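What follows is the residue order along each chain.
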Amino acid sequence: MSLPASLSASAAANAAKPRVAGARKAVALISGGLDSMLAAKVILDLGIHVEGINFYTGFCVEGHTQAIRSHERDKPKRNNALWTAEQLGIKLHIIEVIEEYKEIVINPKHGYGHNLNPCLDCKGFMVRKAREWMEKNGFDFIITGEVIGQRPMSQRRDTMPVVARESGAFDRLLRPLCAKLLPPTMPEREGWVDREKLLDFNGRGRKPQMQLAEQYGFKEYAQPAGGCCFLTNEQYSHKLADLWQTRGTKQYELDDIMLLKVGRHLRPRPHFKLIVGRDEGENNFLNGYRRRFIHLTATSHPGPMVLLEGTANDDDLLLAARLTARFGRGREDALVNVSITDREGQTRALEVTPILANEIPAEWYL
Amino acid sequence: MSHSILDARNLLCPMPVIRTQNRIAELQPGDTLEIHATDPGTLHDIPAWCRIHGHEIVTATREDSEIRVTVRVGAAT
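Chains as they are written, first to last, in our numbering: chain A, 1 to 366; chain B, 367 to 443.
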């Protein structure tokens, strides 16, 4: 096999591993969405051994909302990436990248998209992690479900080479769904895959993907790419921005970003905010965090678990208790009893008048 | 043949699956791993992960909020 002069250092390391002739191996980034599923299928059908890789950043929509919200609990639960792998008959390796991913979210070299979504840095990061996995496991190339023009930030003609370069994957990165519109990659040049069998999808439309899905007999598939990350969500990004701003530092822990997915968030004062459970599932979830926060619940009426993050004086606690009463069944009553427990477990009771809906400024809601 | 226990309680999916995957990577074919979890999603996700990797689910039970799944490690492929 002749290797091109542009062979990268990483590829050279990989080339040193023993391989069985003809049994080329590709690692496929599997999000659980349709595009990555189709890309993997295209390559599988060319006789390549494919295994999937999926990254857990902490911002994945996957699983959490279903596990927490009561009304979602009755829906059949599944991890879409695992489901996709099973449909394709491939292995799936799920890699936890919570700590490493912080740098991408906090300090993205290429900036954010419409919200706090660092899509271009994220794609480069994930392809880099896939490239490292490929080298470690003796695989030959990486495939993704990227389509030129599909995403405004990360999937553009001018950003695709950025991902290939910054990930260190270079021409071992193949995008089967739009490969015909891009320069030939190593798997194509070396004849591992037939370029003619690859596709030329382009733009934001979903029709070609849906037609191909039908052709393959994929009747069921998850929502398109982009919908799997909370950072593309405007409301979530607003809550994360608030967290950074009020703490005066762009840092987070996993628990912080988990709690941003749960409950109503209100910031009545700069120095504290409330997280209010919206149903039994969320109340149970917040209950698990109660020892780390001041927490409030109504005792005279059914109502939510409320966590208070920050510091609060007596006036603040009164306001928090009136808000707690507002979101419970006693909202129309003259008085509601609310218990307030501090981080040391000391509880006190307040009898309060629920705050009126029109007394809550819209800007308190994050 | 060894039998070990993995405490994945209070973790939300996909963390129990990731912990299972990483622990099984250290085990031998025939070994068993008993996973304790609380996220109902594990009852679906761990068996799905095992099916695609060729491991056997020995038992999967749920009592109140406590979920227990026992996996027998399959032959390495």
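Think of the hints as simulated: they come from the structure by calculation, not from any bench.
Accuracy of the hints is not assured; some may be wrong.
Stated by the list, open to error - Pairwise CB distance ranges, derived in the manner of DEER restraints:
hint, chain 1, residue 1, chain 2, residue 2, range
1, A, ILE98, B, ILE371, 21 to 27 Å
2, A, GLU220, B, GLY420, 46 to 52 Å
3, A, GLN215, B, GLY440, 38 to 44 Å
As the list claims (entries may be wrong) - Some chain A residues flagged as far from chain B (calculated, every beta-carbon gap over 12 Å):
hint, residue
4, GLY58
5, ARG78
6, LEU88
7, LEU254
8, ARG343
To be verified - So these bits of chain A aren't anywhere near chain B, every CB distance computed over 10 Å:
hint, residue
9, LYS25
10, ASN79
11, ALA85
12, GLY89
13, ILE90
14, ARG128
15, ALA241
16, GLY248
17, THR249
18, GLN251
19, GLY288
Fair warning: this is a prediction, and the values are worked out from it, not measured in the lab.
Backbone N, C-alpha and C fix where the C-beta goes; we use that ideal spot for every residue, glycine too.
Is the nearest CB of chain B more than 10 Å from the CB of GLY288/A?
violated (7 Å)
Verify this label for me: LYS25/A is non-interface relative to chain B, using a Cβ-Cβ cutoff of 10 Å.
holds (13 Å)
Verify that the Cβ of GLN251/A lies farther than 10 Å from every Cβ atom of chain B, and report whether the claim holds or is violated.
At about 21 Å from chain B, GLN251/A clears the 10 Å cut-off, so the statement holds.
Non-interface claim for ALA241/A: all C-beta distances to chain B beyond 10 Å?
holds (24 Å)
So the hint says 46 to 52 Å: do the beta-carbon atoms of GLU220/A and GLY420/B match that?
Roughly 24 Å apart at Cβ, these two residues miss the hinted range, so it is violated.
Range hint 21 to 27 Å (beta carbons of ILE98/A and ILE371/B) holds or violated
Taking Cβ atoms as reference, ILE98/A and ILE371/B lie about 24 Å apart, which means the hint holds.
Against chain B, does ARG128/A hold up as non-interface, every C-beta pair farther apart than 10 Å?
Per Cβ check, ARG128/A is outside 10 Å of chain B; nearest 19 Å; holds.
Examine each Cβ of chain B, and state whether all of them lie more than 12 Å from the Cβ of GLY58/A.
violated (10 Å)
Does the claim that ALA85/A lies off the interface hold, with its Cβ farther than 10 Å from every Cβ of chain B?
Check fails; 5 Å does not lie beyond 10 Å.
Check on THR249/A being off the interface with chain B, judged by Cβ distance over 10 Å
holds (26 Å)
Are all C-beta atoms of chain B more than 10 Å from that of ILE90/A?
About 7 Å separates ILE90/A from the closest Cβ of chain B, which leaves it inside 10 Å; violated.
At 12 Å, judged by beta carbons, does ARG78/A keep clear of chain B as stated?
The assertion about ARG78/A is violated, with a minimum of 6 Å to chain B.
Hint check: violations occur at hints 2, 3, 4, 5, 6, 7, 10, 11, 12, 13, 19; the rest are consistent with the structure.
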